[in-house]
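A.B. asks: Please construct the entire structure, taking both the sequences and the accompanying hints into account.
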Amino acid sequence: MYLNQKEGWIEVITGPMFAGKTEELLRRIKRLEYAKQNIIVFKPTIDNRYGEGHVVSHDHNKTQSINISKAKEILKYVNKDTQVVAIDEIQFLDEEAVEICEYLADKGIRVIVSGLDRNFRGEEFSFMPSLLSLAEYVTKLTAICVKCQTPASRTQRIINGKPAKYDDPIILVGEKDSYEARCRDCHEVPNKPKKYGFLDE
1 MYLNQKEGWI EVITGPMFAG KTEELLRRIK RLEYAKQNII VFKPTIDNRY GEGHVVSHDH
61 NKTQSINISK AKEILKYVNK DTQVVAIDEI QFLDEEAVEI CEYLADKGIR VIVSGLDRNF
121 RGEEFSFMPS LLSLAEYVTK LTAICVKCQT PASRTQRIIN GKPAKYDDPI ILVGEKDSYE
181 ARCRDCHEVP NKPKKYGFLD E
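Residue numbers (the working numbering): 1 to 201.
Here are the simulated DSSO-like pairs of lysine-lysine, each with C-alpha atoms no more than 30 Å apart in a straight line: (1) Lys36 x Lys107; (2) Lys140 x Lys194; (3) Lys30 x Lys80; (4) Lys80 x Lys70.
Calculated directly from the structure, the hints in this document are not laboratory data. Predicted, not measured: the structure shown is a model, and the values here were computed from it.
C.D. replies: So, in structure tokens, the structure goes:
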């Protein structure tokens, strides 16, 4: 439920892979299209799983989008008539995305983004904590753990049938062959540094 506000704001849809983030983003976009809102949709160029020019969910629902490599490119397409800016997989953009979202919201534009809040290590994904703290509305979705079927809040990377190690690269664009949804207990990251340093004191 949204406040009765007329100015811009930021909405973030987040959670692990396979939680339905893009599906929820597309649902909101569709409602805005019905309302004849002037909306521009963006996605990072690096996300080429379903080709260019469309934001596509795992269920193969889709909408047209503009591919961008850097967050600042958004400003080339926004004009005085733009009412809504939507961005899928925002975590793949550069850190300037946070400032761009703030700028657009301050200009009276509704900004709706979706993205992972954690990387495969279970740690914060780049600038996402900053964006989450600035957003007026945050929707955190969960998936279903493939191991125990409980709510999953983490993304498990799989390499050659085994959990990816902690020192593997953060970004590896892939889908079911490379990733699974896992709960806290079933999430595995070999070689991950020991947590809870205060216990050693």
